[in-house]
Structure formats: structure tokens, C-alpha cells
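Participant: These are the residues of each chain, in order.
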Amino acid sequence: MAAAVESTSAVIPPVRRVPDRFRTVTAAVAAVAPVILIVIVAILYQQAAPSIRHFGLGFLTGTEWNPVTDTFGALPAIFGTLSTALLSLVLAVPVGVAVAVVLAEQGQATLRGILGTGIELLAAIPSVVYGIWALYVLAPWSYQHLELPISDRLGFIGWLSQPGARSLFNASLVLAVMILPTLSAISREVIRAVPRGLKENAVALGATWWETTWRVILPSARAGIFGATILALGRALGETIAVTMVIGNRYAIPPSIFSPAYTLASVIANEFNEATGTLYPAALIELGLVLILVTLLVNIVALLLVRSTSREASRAA
Amino acid sequence: MRAVLGAGDTKLKVEQLSFYYGKNQALKDVSFEIPERRITAIIGPSGCGKSTLLRVFNRMYDLIPSARAGGKVLLDGEDVVTTRKLLELRQKVGMVFQRPSPFPMSIRDNVAFAPRLLGWSSSRVKEVVRQSLERAALWDEVNDRLEAPATSLSGGQQQRLAIARCLAVSPEVILMDEPCSALDPVATLKIEDLMAELMRDYTIVIVTHNMQQAARVSDYTAFMLMNPEGRYGELIEFAPTANLFNQPQDQRTEAYITGRFG
Numbered sequence: 036m037a038a039a040v041e042s043t044s045a046v047i048p049p050v051r052r053v054p055d056r057f058r059t060v061t062a063a064v065a066a067v068a069p070v071i072l073i074v075i076v077a078i079l080y081q082q083a084a085p086s087i088r089h090f091g092l093g094f095l096t097g098t099e100w101n102p103v104t105d106t107f108g109a110l111p112a113i114f115g116t117l118s119t120a121l122l123s124l125v126l127a128v129p130v131g132v133a134v135a136v137v138l139a140e141q142g143q144a145t146l147r148g149i150l151g152t153g154i155e156l157l158a159a160i161p162s163v164v165y166g167i168w169a170l171y172v173l174a175p176w177s178y179q180h181l182e183l184p185i186s187d188r189l190g191f192i193g194w195l196s197q198p199g200a201r202s203l204f205n206a207s208l209v210l211a212v213m214i215l216p217t218l219s220a221i222s223r224e225v226i227r228a229v230p231r232g233l234k235e236n237a238v239a240l241g242a243t244w245w246e247t248t249w250r251v252i253l254p255s256a257r258a259g260i261f262g263a264t265i266l267a268l269g270r271a272l273g274e275t276i277a278v279t280m281v282i283g284n285r286y287a288i289p290p291s292i293f294s295p296a297y298t299l300a301s302v303i304a305n306e307f308n309e310a311t312g313t314l315y316p317a318a319l320i321e322l323g324l325v326l327i328l329v330t331l332l333v334n335i336v337a338l339l340l341v342r343s344t345s346r347e348a349s350r351a352a
Numbered sequence: 027m028r029a030v031l032g033a034g035d036t037k038l039k040v041e042q043l044s045f046y047y048g049k050n051q052a053l054k055d056v057s058f059e060i061p062e063r064r065i066t067a068i069i070g071p072s073g074c075g076k077s078t079l080l081r082v083f084n085r086m087y088d089l090i091p092s093a094r095a096g097g098k099v100l101l102d103g104e105d106v107v108t109t110r111k112l113l114e115l116r117q118k119v120g121m122v123f124q125r126p127s128p129f130p131m132s133i134r135d136n137v138a139f140a141p142r143l144l145g146w147s148s149s150r151v152k153e154v155v156r157q158s159l160e161r162a163a164l165w166d167e168v169n170d171r172l173e174a175p176a177t178s179l180s181g182g183q184q185q186r187l188a189i190a191r192c193l194a195v196s197p198e199v200i201l202m203d204e205p206c207s208a209l210d211p212v213a214t215l216k217i218e219d220l221m222a223e224l225m226r227d228y229t230i231v232i233v234t235h236n237m238q239q240a241a242r243v244s245d246y247t248a249f250m251l252m253n254p255e256g257r258y259g260e261l262i263e264f265a266p267t268a269n270l271f272n273q274p275q276d277q278r279t280e281a282y283i284t285g286r287f288g
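As you go down the protein sequences, you meet chains A and B in turn.
According to this note's numbering, the first sequence is numbered sequentially starting from 36.
According to this note's numbering, the second sequence is numbered sequentially starting from 27.
Hints should not be assumed to be uniformly reliable.
[What the hints assert, rightly or not] Straight-line C-alpha distance at most 27 Å; calculated DSS-like pairs for lysine-lysine:
no., chain 1, residue 1, chain 2, residue 2
1, A, LYS234, B, LYS118
2, B, LYS54, B, LYS118
3, A, LYS234, B, LYS49
4, B, LYS111, A, LYS234
5, B, LYS111, B, LYS54
6, B, LYS152, B, LYS118
7, A, LYS234, B, LYS152
[Said to hold, decoys possible] Derived coverage of chain B by chain A (criterion: at least 3 residues anywhere in the stretch with Cβ under 8 Å from a Cβ of chain A; other residues may be distant):
no., region
8, 89-95
9, 127-133
10, 139-151
11, 183-193
To be clear, the hints were calculated from the coordinates, so they are not data collected in a lab.
By construction, the Cβ of each residue, glycine as well, lies at the ideal position given by its N, Cα and C atoms.
So here's chain A without its partners, still in its complex pose:
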């Protein structure tokens, strides 16, 4: 083995590396993003130090948030952030993928163009406008036509009882609308990229449109749709103002999805102006730190999942 290596190196002279300025510059620029992330986390950590020292890990499991007694625990906000984000995915993914399937079809190009642009424009609406719309239109409507009927029929299930216009459910609903463009635009491109041959083969084997879509096209596009979902999840986790306006801002783990709740981002936005003393602002900053870590964690887990599914897919496709 060693002899083989030696003999090759004897024949082929080692490549002389030219100092590459372009490479150095691009590497430096590329390094900026991770450095910024590390700096932000470090500063947050430093600013949150009083709270971290005072509460320790108990901060993550505490359920009380009381500035008067200086008792701070993040669990209800963590719960609210994760549950609104996940619930919004549950609501938006089926719709987004269905929209993407329709938009990726051939024919009626003008109509599909208008539809597609329309949905992508949803991404251009500022979130505070979504908040106003959710507050005055969506939440009352959802209360009347979704929450009341559902809790009337299924209210015996605890987490579907106690309907109210300001609720975790309505916050998820507005989040779902907000992440829909990301989901459908990316999924559409992924579905369009599925080789045409797969569709033709399925059709030639006597599959209906539905069978072709469900059994061949969507499985082929699975990894990409998953990626779209993660991007959407990132937005849902961090979204602040629209959620704050409809979630009801009650600092407790809600007994029902129709009850008011709170998210990490909403607590920070609502309380930062009034935070005085040392422990209170430190606790709020620690909430920000927790939000970053939760988002990072979710993204890493999701990335690993995408990698494993796309490996599967690339082995299969």
C-alpha cells in the first residue's frame, strides 16, 4: 500500500497550490453568517446571565411568569411557540401541497400563472397587516364557524373545548395563511422537477390522475416538499406580531387549542418596554435565547430528516 502511494507520488509531481485571493475573500464572506449567529447567541447569553444564574434549568420548566415576585419560567411560552408552529403546519401543508399539485399541472397557463402569483403575493403582505386582518376578520369568523361547531360536537375531548376568539388555534390559522406561499411555491417547483417519464409511465399503466399524483409524483417529490415544510416551520416559529394580536396572551399552558396562550416571541414583544430591574429584562432576553435555540434545534432535526429522506429518495429515484 505504502509502496503504491510512493510510486504514484514519484510519477505525478505534487500540485502546487497557487495562493487564491478569490477563494480567501469568498471564504471570509461565507464565514460571516455563522460568526454573526455565534455573536448573537453569545451576547444574548451574556445579557441573560442574571436570569440564567438565578433560575438555572428551572427556567425551562417553570410555568409562572410574575414580574412582581420576580418569578420567571418559560415553559408556557415554549409550549405556545411549538404548538402554534406545529398546528399551523398541520393546517397549511395539505393545502399548500394541493395548491402546488394544481399549479404544477400543464395547460391553462394563464390561469395557473395568475393563481400562482396571487399566492406568492401573500408572502408580500406585512405581518402586522395579517394581524389586523386576523383580529377583525379571521378570528371572529373562525370562532363562529370553526371553533363553536367543533367544540359543540367534540367538546368532550378536553383540548377541543372552551372556544374563544383569541386562541392558540386562531393564531395557528393566521400562521398557516402566512406560510402557505412558501410551502406552495417551493413544492410547485419540486413537483415540476419530477421527471415527466414517471408521470407518463404511470398514466400508460392505467393510473388515474389521482393515482398518478398520489402514488408516483408526490413520493418522488417527498424530500423537496419536506424541505419546503422546514422553511415554513422556521417562519412559523419566529413570527411575532400577527400571533401576538390573536393568541390572547395568557401566560399558561392552555387547556384547549381554543384557549388563549402565549409564545416566546409575543412575550418579548409585549413586555420589553416595561421591563425594569435586572432579573426581568434578563429573563426576557433568556426567552430570546431559548427561541433561537428552539429554532436551531428544530431546524437541525429537520435537516437530518431531510437528509435521510432525500438519501432514500436518491437511492430510489
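Dock chain B against chain A, hints included.
Facilitator: Same frame as chain A, now just chain B:
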């Protein structure tokens, strides 16, 4: 080149077939009869409409929104162009494409795809998977790894898998659209041997731009050409393969098979 063992009955009767993509005419007045349990080759230069013609036989053109056909294609007396029983038609008329396109699933599931759509029982599906792979001369190579992803197969194996997938619902006609153009010579030879084998039970129509292949495998050959003025494809000559290659009736056929153009 094989001798024609007496003409079979007509399986597909093409009558005055015209075809349009939007306003562009792609085929004009194509008429000929494809005999049962024989291999019929359609040859011609690129753009002559031979693939379009093939895709009329199983209504694949339905996938293209602006496409429409006029005239008749009778399959056992029933008109393919106007039939509403599309799924039944595609079960009767299978198709093998230029690229094999295995579905993103296991070898077994690929072959079982169409039988499962028809709701066959799992024991029947299992039997059919085996039979189809055997008929496609692939069983011996894959029987120990049916659960492996179909994409792990080589190009030639994938194409035989595509044939097995198409055989699984017992079609009567098999359409092949340049099935060997993406394959190496050895894999091509295997597919050609397989076609000769399958001809006993199936009517095969193959589109190829490889004249040697048409001469080697087919019993009948249709030669098509694009009309230089109308820019639509038309049928120039249809005859038993031996006759078409040895005594072409049309000058254009002769020019093409002797390699003077196309």
C-alpha cells in the same frame, strides 16, 4: 430479418388518422393495419410523427392539453380515438418508453403497480410479479432482491423491468417507443431477443430510428416522412419488412433505407 409466417389477423386498424398539436398538424391521413402477434416497426427520420402515431394507440396524447386526433384507430373493432374507457384501453395497450423511469419504490412494487391499481388480491399480485419478471427475462437476476429499490438496477435491467411492469396486467398490444436508444449493444440484444419471445403472445409496435433494428426484429415496417410543404407526418410505405427493405415501392423509402437522407 425473419420470414413472415403468414399474416395474422388485424389487431389495430388505422383509418385516415390525422393529429394536431394546437393548430399544427402532426399527422395526416395515416392508414394501415397492424397484424396480431407480429412485430410492426415504425421508422423514419426525426420529426416525422412516428412517436406521435404510437402515442395515439394508447391515448397518451391526452396528457397534452392542446392535442387532438381525427380519424379512427380500431382496436378489435373499437375506436381508440373516441373511447371513454381509457383505463381499460391502457390495460389492453401497454407502453414501454425510451427511458425506463422506474418508480421510486422497490422492484416488486414497480411490477405490482398496475395490478394493485386494479385491486387484485395480494396472492394474485405475488404470482403476477413472478410471472411478469420471468417473461421479461429478469427474474433470475432479481429474485433474491425484490425489495431493493428499482433504481439500483442497471439501465438494461430497468428497461426489462419496465417491460415486466407493462406485462403485469396482461396487455394485448405492447407499444415500444425507441426502447433501446438509451442502452448499450448487449442490453439492446437482450431486449430484442425478448421481443421475439413476446411476439408469440403479444402484438408489438416499435418505434425506432435504428433501421438495422427494424430490419432485425420486425415482421412489418411502416416508413414515415415529414411532408416538406405541410410539415405534417405521413405514411409513405407499409409492407412486410423483407419487402420494404429489399424492394421498396417508393423512391423516398429507397432513399432513406440506402442512407441517402434522414
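Participant: Are the hints correct? Go through all of them and say.
Facilitator: Results of checking the hints against the structure:
no. : hint                   : verdict
1   : A:LYS234 with B:LYS118 : 19 Å, holds
2   : B:LYS54 with B:LYS118  : 26 Å, holds
3   : A:LYS234 with B:LYS49  : 25 Å, holds
4   : B:LYS111 with A:LYS234 : 19 Å, holds
5   : B:LYS111 with B:LYS54  : 25 Å, holds
6   : B:LYS152 with B:LYS118 : 21 Å, holds
7   : A:LYS234 with B:LYS152 : 24 Å, holds
8   : 89-95                  : holds (count 4)
9   : 127-133                : holds (count 4)
10  : 139-151                : holds (count 4)
11  : 183-193                : holds (count 3)
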